[in-house]
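Taken in sequence, the protein lines are chains A and B. Each step along the first sequence adds one to the number in this note's numbering, with nothing skipped, and position 231 is 266. Each step along the second sequence adds one to the number in this note's numbering, with nothing skipped, and position 117 is 432.
What the hints contain is simulated information worked out from the structure, not anything from laboratory work. Since we're looking at a predicted model, the values are computed, not measured. Where a beta carbon is used, it is the ideal one built from N, C-alpha and C, also for glycine. Keep in mind that a hint or two might mislead.
As the list claims (entries may be wrong) - On the chain B side, residues computed to face chain A include the following (Cβ under 7 Å): (1) His-330; (2) Asp-369; (3) Thr-387; (4) Thr-403; (5) Ser-416; (6) Lys-422; (7) Gly-425.
Chain by chain, the residues:
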Amino acid sequence: MAEFIKDGSIRLTNGVSAYSYAAAVGKMEGEGPLGDCFDYVASGAEIGEDTWEKSESKFQQYALEMALNKSGLQKSDLSIIFAGDLLNQCTGSAYGLRDSGVPFIGLYGACSTMAESLMLASLFADMRLGERFAAITSSHFCSAERQFRFPINYGGVRPPTSQWTATAAGCCITAAAEKPPYIKAVTVGKITDMGIKDANNMGAAMAGAAYDSLSRHFENTCSSPDDYDGIFTGDLGQVGTDILCELFDKRGVDISRVHNDCGLMLYDREKQDVHAGGSGCGCSASVLCAHILPSIAGGKLHRVLFAATGALMSTTMSQQGESIPGISHVVEIADTL
Amino acid sequence: MDISKKEYEQTAKKHAGSSKMYITVPKAFLIGGLICCIGEGLLNMYQYFGIEFDEASAYTSITLVFLSALLTGLGLYERIAKHGGAGTLVPITGFANAVVSPALEFKTEGYVLGTGAKMFIIAGPVIVYGITAAFIYGIIYYIYGLCA
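All chains should be modelled from the sequences, with the hints used to inform the complete structure.
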């Protein structure tokens with residue numbers, strides 16, 4: 036039975052496996068450094084649909100279907116799906132999974148949703164509240180742009196601190212421990228608002244939350260960055276990464292040796308025009324499902340922290356002059372039980 | 316958390332890179348200037364064909380708006396604007412792009428509630444405050460004329 040440690044940290048004691056996982060991405064993500072790792076790379080952003088929202092839903096469907104197929108499972112083998120995305124009313128998830136016939140819990144944690152859904156899917160699996168659980172998230176550059184910013188064809192200029200919403204979806208199925216990777220512990224994020232108001236600087240809005248959650252995870256699980264061979268934050272980009280590393284550095288903790296950011300891993304910033312890096316729920320989801328989890332299963336990584344970060348920004352509240360709340364949930368994953 | 320908002324703000328400020336103005340400003344000048352040169356060329360061309368100056372000016376605006384709308388529809392305007400910055404935003408072509416891009420983007424929600432309702436979400440404020448400013452200027456001009 037999962038054991039509450041303190042201050043949001045929970046240890047999973049019955050053993051939970053990331054049983055099967057898959058990622059579906061858009062063309063641009065497929066041209067990035069992790070291009071060969073993805074299970075499906077679309078030839079464009081539409082994948083046969085006539086609207087961006089329908090396309091995002093389809094990416095979610097693909098991710099789920101491929102995660103199921105890889106381990107010979109059917110949708111009926113799933114007990115509950117935990118899913119979310121960036122769009123109002125969790126459009127990508129609700130419309131993408133409406134025909135799944137699986138009990139569904141919709142989540143919103145902005146770009147932290149993959150860690151949020153994986154955390155819940157792992158806790159449910161640890162408590163043996165069913166057989167298998169799916170954690171799915173997605174984002175789509177075009178659907179996010181039109182909701183949060185400007186129309187695609189508008190000639191506005193993006194500042195250097197802005198990030199590129201990934202067109203991607205990831206799905207991870209959890210089950211009772213059978214094979215690595217194993218989900219070992221989680222730390223639930225706190226809403227952390229550091230007073231950043233610039234909607235074009237999400238990395239800065241989220242780095243404080245990542246610092247808070249990672250610090251609590253280290254303290255509550257009596258571990259330090261040296262105990263891990265990978266600490267993956269989810270889409271802080273270059274600006275947020277620099278802030279996070281400096282915050283730890285000032286307190287005498289060096290995470291830069293093992294730290295990497297999904298927003299920096301997904302794209303080649305030299306060749307691809309993504310400014311400070313990638314973002315969006317699908318960014319950390321696709322990097323987790325196509326790179327981090329396979330690396331643990333393949334023995335390249337042994338003990339990692341996956342700390343997806345989200346800016347819980349409302350465009351309405353930003354226009355009212357409010358600062359941007361951030362959140363980051365931490366999931367500890369290892370190759371041994 | 317053991318970090319004050321002030322410390323955080325300073326750290327965040329340090330790492331937020333700014334635009335390379337020594338590149339962006341000359342590019343905006345050149346591309347914006349080029350658009351204006353095209354406009355000037357069109358004006359001369361229309362006059363060459365015997366059209367009066369006032370009418371030729373209107374034709375020039377119409378042609379630039381048409382070209383901007385066409386390039387927006389072809390997905391090329393934002394590529395030019397990426398380099399042009401304010402150089403593509405300020406001329407009349409930028410205004411056309413600001414109207415056409417939401418019109419195309421929100422077509423998926425229908426011609427009434429999508430294209431029709433959302434067409435002016437970017438350009439709307441420009442129209443509202445442009446007309447307001449014109450009214451205020453007109454009143455001042457009128458009063459000035461009475462006094463003089």
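Against the structure, the hints:
The closest approach between the C-beta of His-330(B) and any C-beta of chain A is roughly 4 Å, which is under the 7 Å cut-off, so the hint is satisfied. Annotation: interface hint on Asp-369(B) violated; nearest CB of chain A at approximately 29 Å, more than 7 Å. Annotation: Thr-387(B) was flagged as interfacial toward chain A, and the flag holds, the nearest CB pair being 5 Å apart, inside 7 Å. At its closest, the beta carbon of Thr-403(B) sits 5 Å from a beta carbon of chain A; the interface hint therefore holds under the 7 Å criterion.
Evaluation of the Ser-416(B) hint against chain A yields a held restraint, the C-beta minimum of about 4 Å falling below 7 Å. This hint is violated: Lys-422(B) has a C-beta 10 Å from the nearest C-beta of chain A, more than the 7 Å allowed. Violation of the interface hint for Gly-425(B) is found here, the shortest Cβ-Cβ separation to chain A being roughly 12 Å, above the 7 Å cut-off.
Of the numbered hints listed earlier, those contradicted by the structure are 2, 6, 7.
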